[in-house]
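Protein chains in written order, with my numbering: chain A, 1 to 259; chain B, 260 to 608.
Just so you know, not all the hints are guaranteed correct.
[As the list claims (entries may be wrong)] Here are some of the chain A residues that sit facing chain B, going by a computed Cβ distance under 10 Å: (1) TRP40; (2) ALA44; (3) LYS67; (4) GLY106; (5) PRO110; (6) GLU111; (7) ASP126; (8) GLN130; (9) GLY140; (10) GLY141; (11) ASN165; (12) GLU168; (13) SER231; (14) MET234; (15) VAL256; (16) GLN258.
[Claimed, not checked] Computed footprint of chain A on chain B; a stretch qualifies when at least three of its residues, placed anywhere within it, have a C-beta under 8 Å from a C-beta of chain A: (17) 293 to 300; (18) 561 to 568.
FYI, nobody ran anything at the bench for these hints, they're computed from the structure. For each residue, glycine too, the CB sits at the ideal point set by N, CA and C.
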Amino acid sequence: MKKIVLLIALTLAVTACKKDDNGGNVINEVTVDLIFSHDWDGSAITNADFDQIQYTNAHGEELSISKLVYLISDVTFTNTAGDKFDAGDFNLINVRNNSNLTFTPGIEIPEGDYTVTFTFGFDDEDNIDQAYPELNSADGGWNVPAPLGGGYHYMRLEGKYIDSNSDEVGYQYHTIRANDMSTNPVTLQDTSFEVNLGQVTIGSNTTIEVKMNVAEWFKNPNLWDLNVLFSTLMPNFDAQIMMSENGMTVFSRGAVTQQ
Amino acid sequence: MILVFVAGLCYSCVTDNDDNGYVATPFTLEVPQVFAERILPPVIPEDNPLTVEGIALGKKLFFDPSLSADGTQACADCHRPENAFSDARQFSIGIDGSVGTRNSMPLFNMAWNYNEEFFWDGRAQSLEEQIFEPVTNPIEMKNTWPNVENTLRASDTYPALFEQAFGTTTIDSVRVSRAIAQFLRTLVSANSKFDRFLLGQEELTPSEENGLAVFLDESRGDCFHCHGLPANPLWTDNIFHNNGLDETFSDRGRGGFTGDPREFGWFKSGSLRNLAYTAPYMHDGRFTTLDEVIDHYSEGLVFSETIDPLMKKVAEGGVQLSDQDKADLKAFLLSLSDPSFINNPNFQQ
Numbered sequence: 001m002k003k004i005v006l007l008i009a010l011t012l013a014v015t016a017c018k019k020d021d022n023g024g025n026v027i028n029e030v031t032v033d034l035i036f037s038h039d040w041d042g043s044a045i046t047n048a049d050f051d052q053i054q055y056t057n058a059h060g061e062e063l064s065i066s067k068l069v070y071l072i073s074d075v076t077f078t079n080t081a082g083d084k085f086d087a088g089d090f091n092l093i094n095v096r097n098n099s100n101l102t103f104t105p106g107i108e109i110p111e112g113d114y115t116v117t118f119t120f121g122f123d124d125e126d127n128i129d130q131a132y133p134e135l136n137s138a139d140g141g142w143n144v145p146a147p148l149g150g151g152y153h154y155m156r157l158e159g160k161y162i163d164s165n166s167d168e169v170g171y172q173y174h175t176i177r178a179n180d181m182s183t184n185p186v187t188l189q190d191t192s193f194e195v196n197l198g199q200v201t202i203g204s205n206t207t208i209e210v211k212m213n214v215a216e217w218f219k220n221p222n223l224w225d226l227n228v229l230f231s232t233l234m235p236n237f238d239a240q241i242m243m244s245e246n247g248m249t250v251f252s253r254g255a256v257t258q259q
Numbered sequence: 260m261i262l263v264f265v266a267g268l269c270y271s272c273v274t275d276n277d278d279n280g281y282v283a284t285p286f287t288l289e290v291p292q293v294f295a296e297r298i299l300p301p302v303i304p305e306d307n308p309l310t311v312e313g314i315a316l317g318k319k320l321f322f323d324p325s326l327s328a329d330g331t332q333a334c335a336d337c338h339r340p341e342n343a344f345s346d347a348r349q350f351s352i353g354i355d356g357s358v359g360t361r362n363s364m365p366l367f368n369m370a371w372n373y374n375e376e377f378f379w380d381g382r383a384q385s386l387e388e389q390i391f392e393p394v395t396n397p398i399e400m401k402n403t404w405p406n407v408e409n410t411l412r413a414s415d416t417y418p419a420l421f422e423q424a425f426g427t428t429t430i431d432s433v434r435v436s437r438a439i440a441q442f443l444r445t446l447v448s449a450n451s452k453f454d455r456f457l458l459g460q461e462e463l464t465p466s467e468e469n470g471l472a473v474f475l476d477e478s479r480g481d482c483f484h485c486h487g488l489p490a491n492p493l494w495t496d497n498i499f500h501n502n503g504l505d506e507t508f509s510d511r512g513r514g515g516f517t518g519d520p521r522e523f524g525w526f527k528s529g530s531l532r533n534l535a536y537t538a539p540y541m542h543d544g545r546f547t548t549l550d551e552v553i554d555h556y557s558e559g560l561v562f563s564e565t566i567d568p569l570m571k572k573v574a575e576g577g578v579q580l581s582d583q584d585k586a587d588l589k590a591f592l593l594s595l596s597d598p599s600f601i602n603n604p605n606f607q608q
């Protein structure tokens, strides 16, 4: 135990040394916490809301959410001089299990004003087939099968909706890199996208809330008809493009706290 | 440099697997290449590191009927090596003839169960915890831990074996569970034909290749969302699902443990490794052949409120595979079986 305490003390000591001297003014280098929250047009989504047919999408289908797991990567802090700070890491968020709802990118940056962005999913540079053991091990394998171009899922949103026959039917709104298997080799199109959270003042203990409005996945600009597009969306090139387009309005910045 | 040195010292601390400072001989679990290249390392708890002596003791206990109340039943009687440590019977029979309600789960690659939720319903939060149950279960070994401890203390051999494993002749239930858990973590299966294919050592037949394509195809089998894929060769997500077996539930599965009605009828996805040896299938062993299992997902699904959204075309009974796709899927699934595992002399009594 003493050894563990010593290890922690040494780690803290090393971390504390990471300060820049800027003309005599010591500039603290700090980490930033992102907190991910989820709602349906303003109504918070928590574990208790899963598996309840209580939402109505813009097209009019009643639906539930059974699973909401998604990947974000490359959280980037760009200062007013245009310098970019990016740990190049990723975070897999499981809303139902409340796992990884808080993410601290593995980079320390000087206090100041930054434009904060991240990538929904992986861009092509990072979407390397089987490259990440943590993701290969997650959720039975967060991967996309090789015949669909490989790489990784961006999101698995699943649940049930009431179809035109008033039956409960499962839907699988899975987002991946768009792929067209009718060509040889498979045609691939990067459908990840950048989310811009705007400018944030980063202090010694800054927390940024990232909000996902799940209803937006079904709304804008593509009105989503679950009766048509409810399943087998992974090999559907056009559906992947539309999901990516709808995703552009899903995220927004929530509260920024300085404690 | 100091940091590295101190970290090294701390790592060495974890080989002390009891609280008396005794250190048995550390054992390094060999991680198969197909796992090492793809998935995270195995989960070995810091308070129960693998040791040569601990594993040997755990193996002896696993095969020893003296853990049961009347000395007639060992763990291995319902977890038989030739069945990939499952039971060929639909339900296992306890020492007094009581019949269980679930099929005995196979035992392999459990150190890679990252969620550490064991049993069909995940009610045990560690392998060590899981071991506590069958010993005292009234329809299984029907013993009490004080009786187990007294039996082992009275033996000619166990006190010395516990001393070698844990540095003490004191025998208690915690050390029994730790020793058996150590043995179970060594039950590694990663030498199937498909593993060798992944390593570039063997080719698949055209039928097996098409079976893999069916497995990975969202419009046909779509098996991979619950059972993994070549990037995750555990062939299970170790997560709980309602896979459309019943309209109502005589066994509530995970929901029976959590009390959450949304989880009624959920059971853990079984690994698809070693299916050649683990019949019958499903949590209640209702299917005696692999063909019946494939038919279930193809035509036999039934709706219930908690059915997983991944179960497709439920109104039609399932994904409607062709006979050829069914045969090929079966061929692929059987390529995941590992004869060297069930014949491994280290895992035999």
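To see whether the hints hold, each was checked on the structure:
no.: 1; hint: TRP40; result: 17 Å, violated
no.: 2; hint: ALA44; result: 18 Å, violated
no.: 3; hint: LYS67; result: 7 Å, holds
no.: 4; hint: GLY106; result: 17 Å, violated
no.: 5; hint: PRO110; result: 24 Å, violated
no.: 6; hint: GLU111; result: 26 Å, violated
no.: 7; hint: ASP126; result: 16 Å, violated
no.: 8; hint: GLN130; result: 5 Å, holds
no.: 9; hint: GLY140; result: 3 Å, holds
no.: 10; hint: GLY141; result: 3 Å, holds
no.: 11; hint: ASN165; result: 8 Å, holds
no.: 12; hint: GLU168; result: 7 Å, holds
no.: 13; hint: SER231; result: 6 Å, holds
no.: 14; hint: MET234; result: 5 Å, holds
no.: 15; hint: VAL256; result: 34 Å, violated
no.: 16; hint: GLN258; result: 31 Å, violated
no.: 17; hint: 293 to 300; result: holds (count 3)
no.: 18; hint: 561 to 568; result: holds (count 6)
In this structure, the hints that do not hold are numbers 1, 2, 4, 5, 6, 7, 15, 16, in rising order.
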